[in-house]
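Next come the chains, spelled out residue by residue.
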Amino acid sequence: MTDKKKLRIATTSLAGCFGCHMSILDIDERLFPLLELVEFDRSPITDIKHCGPCDIGIVEGGICNAENVHVLREFRKNCKVLIAIGACAINGGLPAQRNHLDLSACLTEVYLTEPGLVHGHIPNDPELPLPLDKVHPLHEVVKVDYFIPGCPPSGDAIWKFLTDLISGKTPELGHGLIHYD
Amino acid sequence: MTDTFQLDGVSVPFEPGQTVMQAALAADHYIPHLCYHPEFKPHGSCKLCTVKVNGRTMASCTMPAEAGLEVQSEIEELNALRRTLVQMLFAEGNHFCPSCEKSGNCMLQALGYDLEVHAAGFRHQYPDRPLDASHPDILLDFNRCILCELCVRASSEVDGKNVFALAGRGNSKHLIVNAESGQLKDTDISLSDKAMQVCPVGVILPKRVGFSQPIGERRYDESPISAQALQDAPRPPSGAKHD
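As you go down the protein sequences, you meet chains A and B in turn. Adding 66 to a residue's 1-based position in the first sequence gives its number in the numbering used here. Adding 118 to a residue's 1-based position in the second sequence gives its number in the numbering used here.
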């Protein structure tokens, strides 16, 4: 047993669309060499529900409700290095387009006054996490160590970033891999 | 024998009346810039082009070239400051690149790419800036305005129309339309105006042509802004004189 201890990675999607996770899968057959170096903790890939002690946490999506805050804090507490992946995690992205609107006006229009709604009501099940007044990027709630921009970042960008990081280099994307769209 | 100054240890020739920026670009040396445009008088407001001249920080777009100047530009100290400037511009507007039809052709975005800006950081301001879609052919999306005043300069200096102006001061400074109604439909702007072509970001947009260029074929998909700016730079003997 001379195996080097594998790095443990956790991933999650908060106020995101899972597009960044699809891009993680887009690193394709390179997942196999990656799995020589890392193992996954909490992630949609493993279906583990809570994050244990990890080396790297990768968080997709911004913060739009109370549960997002709890999950993000769990990640920050357990991960030595926290990476925000994708536009939503970095600047709020699409969900943050509601930030200049009043939250109750949004809910009223979507669930009550939109034409075609019959017997509509604003969801109020106690199990639903309460929405926040504004959508926030991750760095406004916890310290974030690295950011991988893109909507979503390409599989190549994620691969370059992670391999740089794992080999101890400052991750750089460069022309063609760095994208905000 | 033309005079020269030193830019990052390299001799750069210049003609009398040229600025440090003009001489550098003409000699194939890139200095990052945003509000500078080779066809207009320098504005000196974005500060992206800040260089160190004999140890002092100066805007290279307004600094006249002089023989023997020692200019530093491509140093980490200045690039770190440039990165911060780009980040602040992103944080104070609503720059949602994934839905912007200027994406891929946007100078602010391309500068972010070139300077390896991975995130704006800071607290995003998410200002409330309604669109002006009143004109039949032209859309104004103020969310992306960086107050470079290029449209103001183009409309007054080239088009002779004065369609745009900046109003307010400090944090409340904003782009306005010169019409009693404040709406673009009540101005004489037209699609062929110079003001339509100079916006470095996605504020002034022709309608019904968005996203016509596929991803991969847009301006800054092909090569980074540092390479494109040199291709665009005026070359002698046509020169790049102003006034």
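Simulated from the structure, these hints should not be mistaken for laboratory data. One or more hints might be untrue.
According to the in silico footprint, chain A covers these stretches of chain B (three or more CB under 8 Å from chain A) [stated by the list, open to error]: (1) 206-216; (2) 230-239.
Straight-line Cα separation of at most 16 Å, EDC-like style, residue types lysine to aspartate or glutamate; simulated pairs [said to hold, decoys possible]: (3) A:K235 <-> B:E192; (4) B:K303 <-> B:D255; (5) A:K200 <-> B:D255; (6) A:K226 <-> B:E184; (7) A:K226 <-> A:D113; (8) B:K159 <-> B:E192.
The beta-carbon is built from N, C-alpha and C at its ideal position, and this holds for glycine as well.
Right, here's what the structure says about each hint:
Proximity of the region 206-216 of chain B to chain A, defined as three or more residues with a beta carbon under 8 Å from a beta carbon of that chain, is established by the 6 residues found. A count of 8 residues in the region 230-239 of chain B with a Cβ less than 8 Å from any Cβ of chain A is obtained; the coverage claim is therefore met, three being the minimum. Between K235 of chain A and E192 of chain B the alpha-carbon distance is near 22 Å, which puts this suggested pair outside the 16 Å criterion. As the CA atoms of K303 of chain B and D255 of chain B are separated by approximately 9 Å, the hinted pair is consistent with the 16 Å bound.
With a C-alpha separation of about 34 Å, the suggested pair K200 of chain A and D255 of chain B falls outside the 16 Å cut-off, and the hint is violated. Distance check on the hinted pair: K226 of chain A and E184 of chain B sit about 44 Å apart at the alpha-carbon level, beyond 16 Å; violated. Between the alpha carbons of K226 of chain A and D113 of chain A the distance comes to roughly 26 Å, so the proposed pair goes past 16 Å and is violated. This hinted pair does not check out: K159 of chain B and E192 of chain B have alpha carbons roughly 24 Å apart, beyond 16 Å.
Hint compliance for this structure: hints 3, 5, 6, 7 and 8 are broken, all remaining hints hold.
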